[in-house]
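Student: These protein sequence lines map, in sequence, to chains A and B.
For the first sequence, position 31 (counting from the first letter as 1) is numbered 42 according to our numbering, and the numbering increases by one without interruption.
For the second sequence, position 55 (counting from the first letter as 1) is numbered 290 according to our numbering, and the numbering increases by one without interruption.
Among the hints, erroneous ones may be present.
[What the hints assert, rightly or not] Calculated pairs, EDC-like style, for lysine to aspartate or glutamate (alpha carbon to alpha carbon, straight line, at most 20 Å):
1) K425/B / E77/A
2) K287/B / E76/A
3) K367/B / E112/A
[As the list claims (entries may be wrong)] Pair by pair, the computed Cβ-Cβ distance ranges are:
4) A451/B / I15/A: 23 to 29 Å
5) Y528/B / K69/A: 36 to 42 Å
6) E76/A / N503/B: 34 to 40 Å
7) N503/B / K69/A: 21 to 27 Å
8) L320/B / G105/A: 45 to 51 Å
9) E76/A / L536/B: 24 to 30 Å
10) D104/A / A380/B: 16 to 22 Å
11) R382/B / I15/A: 32 to 38 Å
12) E76/A / F561/B: 41 to 47 Å
13) D305/B / E76/A: 51 to 57 Å
14) L445/B / K101/A: 44 to 50 Å
15) C52/A / D399/B: 16 to 22 Å
16) L411/B / T23/A: 52 to 58 Å
Source of the hints: derived by calculation from the structure; they are not laboratory data.
All values derive from a computational prediction rather than experimental measurement.
Ideal Cβ positions, reconstructed from N, Cα and C, are used throughout, including at glycine.
Below, each chain spelled out in residue letters.
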Amino acid sequence: MKLIVTDPGGQTHTLEATPGWRVMEVIKEAGLPMRADCGGCTACATCHVYVDDAWLGKLKPANEEECDLLADSYVQKPNSRLACQITMTKELDGLPVTISEDAT
Amino acid sequence: MNSVYTTDAIIIGAGPVGLFAVFELGLLDMKAALVDILPKVGGQCAELYPEKPIYDIPALPVVTGQELTDRLMEQIRPFEPKFFLSQMAESLTKLENGHWQLKTDMGEILEAPVIVIAAGGGSFTPKKPPIKEIEKFEGGGVYYAVRKMEKFRDKNILIVGGGDSALDWFLNLQPLAKNIALLHRRDEFKAAPDSVHKMREMVAAGNGKLIFGEVAELHGDAPAVSAVTIKTKDGEIIRHECDCVLPFFGLTMKLGPIADWGLNLEQNLIPVDTEKFQTNTPGIFSIGDINWYPGKLKLILSGFHEAALMARAAYDIVHAGKKFIFRYTTSSSDLQEKLGVK
Numbered sequence: 012m013k014l015i016v017t018d019p020g021g022q023t024h025t026l027e028a029t030p031g032w033r034v035m036e037v038i039k040e041a042g043l044p045m046r047a048d049c050g051g052c053t054a055c056a057t058c059h060v061y062v063d064d065a066w067l068g069k070l071k072p073a074n075e076e077e078c079d080l081l082a083d084s085y086v087q088k089p090n091s092r093l094a095c096q097i098t099m100t101k102e103l104d105g106l107p108v109t110i111s112e113d114a115t
Numbered sequence: 236m237n238s239v240y241t242t243d244a245i246i247i248g249a250g251p252v253g254l255f256a257v258f259e260l261g262l263l264d265m266k267a268a269l270v271d272i273l274p275k276v277g278g279q280c281a282e283l284y285p286e287k288p289i290y291d292i293p294a295l296p297v298v299t300g301q302e303l304t305d306r307l308m309e310q311i312r313p314f315e316p317k318f319f320l321s322q323m324a325e326s327l328t329k330l331e332n333g334h335w336q337l338k339t340d341m342g343e344i345l346e347a348p349v350i351v352i353a354a355g356g357g358s359f360t361p362k363k364p365p366i367k368e369i370e371k372f373e374g375g376g377v378y379y380a381v382r383k384m385e386k387f388r389d390k391n392i393l394i395v396g397g398g399d400s401a402l403d404w405f406l407n408l409q410p411l412a413k414n415i416a417l418l419h420r421r422d423e424f425k426a427a428p429d430s431v432h433k434m435r436e437m438v439a440a441g442n443g444k445l446i447f448g449e450v451a452e453l454h455g456d457a458p459a460v461s462a463v464t465i466k467t468k469d470g471e472i473i474r475h476e477c478d479c480v481l482p483f484f485g486l487t488m489k490l491g492p493i494a495d496w497g498l499n500l501e502q503n504l505i506p507v508d509t510e511k512f513q514t515n516t517p518g519i520f521s522i523g524d525i526n527w528y529p530g531k532l533k534l535i536l537s538g539f540h541e542a543a544l545m546a547r548a549a550y551d552i553v554h555a556g557k558k559f560i561f562r563y564t565t566s567s568s569d570l571q572e573k574l575g576v577k
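Between the sequences and the hints, there should be enough to build the whole structure, so can you do that?
Tutor: Laid out in C-alpha cells, this is it:
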C-alpha cells in the first residue's frame, strides 16, 4: 500500500504504508519533515497536510477537535487535514498528501 | 533578584521526566531546582494534553497528563524541589570551581555542579501570526503575553484570537483599558462558553468591540503601534486605531538557547551515552524526549529510566570521593526516612 507525499521543498516521495497506521506515522517513519509535536492526540496542528482534492471524499470527516485546530492555522485550505487523524486503509492506497508549513 | 541560588542539580524542563529526576536525585541525597518556561509544571502533559489518557505508564493502566503530573508532584514533595517557572534557561557558563552557572531570562542566577536538560520538545513559545514586520513591533506595541496588567492601563488594546487566553485577557483588561477590541477570524470561539458569553455581554453593553477578520498590517513608529489594517471576514479593509496588539494563538515548541550551548546537537536532539545519559560535556546530562542515543524511544517511561541512571552518575560528581551504595526503597530505612514514611 502506497502513500504519496510531497515535502515542503516540492519533492514527491512514494512511501510504503501499513494498513492501520496513521498517515502522520508513515511520514515520520520515512524521516520526512513532520513535527507532530503532540504525538497524535489532536492537541496541535504540527502534522497539518493537504489532501489531494479527488481523495477528500474517501476520508472520514474531521472531528470537532481537528476542525478547531485547523481553523486556527494560517495556512488552512479547504483540503487541510491533520495527518494523525487519517488511518491508512485499503481505500486509501495511493493517497497523495502535501506537507504544510505548520508541520515543519 | 541577583542573589545566586545554589543547589546540587539544575533541571531544565519541569515535564514528567524532569519531575521524576528530582525523585531519583533526592534518593541519592541531591537537591534539585527546576527551570521551565511555562507558568506551571507538567510540560507537554499539562500544556498539550492534560485531559488525554496515557496508557503506557507502568502500573497505571490509564492516567491523564494532568493526573500523571499531580502524582509526580506528590512523589517528589519530600525532596522540596525549588521551581523557577515562567522563565527560560538562557545562558550557561562554567565557573572556576567546576560548577555551572545558569541564567534565566528573568534575571535569576542558579549554580550547581550538575545540569540536567529535560526539555522535551523544546520550550513553549507563542505562535506568531504571519504579519509583515511583526518582529519590529514586538515589545513596543505587540505583546504575546501579559506579565503586568498595569502596563495596559488607559491603552487602546486590540486582542487577537478566539481561544481561552484571548477571551480571558479581553475580560481582564477591559476594566483597565481606554478602549478594547477583540479580533477573531470567525464567529466561533474555542474559549470556555462562559467567557464567550461574558464577552458578548460586554460588547452588547458597549464596553468593547468585536471584529471578525484578521490583521493585515501594523502601522506606527516601530516598535510603537498606532493602528492596524484589518481585513474583515467579508473582505473589507478597515483601519483600526490601537496602541497595543496582543495576539493569542497558542504555543509552539522551539529549542531556544540550548542550541547555543555547544552540545553537538543532531537534528535538534542532544546525543548522550546510555550509561550515564551525559552529553559531550561532563556534568551536563540530558534525559527524556530531547536526548538521542541508538535505539532511543520517546516514551515517558524511557525518560524515567534515564533519570535513574543519570542520578547514579551525578552522584559521583556531587558527592565526589564518596562511595555509592545501591539501596531499595522497600528495605532501606535511610531512604524511607528521606521519603518521610519512617
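Student: Looking back at the hints listed earlier, which ones does the structure fail to meet?
Tutor: 4, 6, 7, 10, 11, 13
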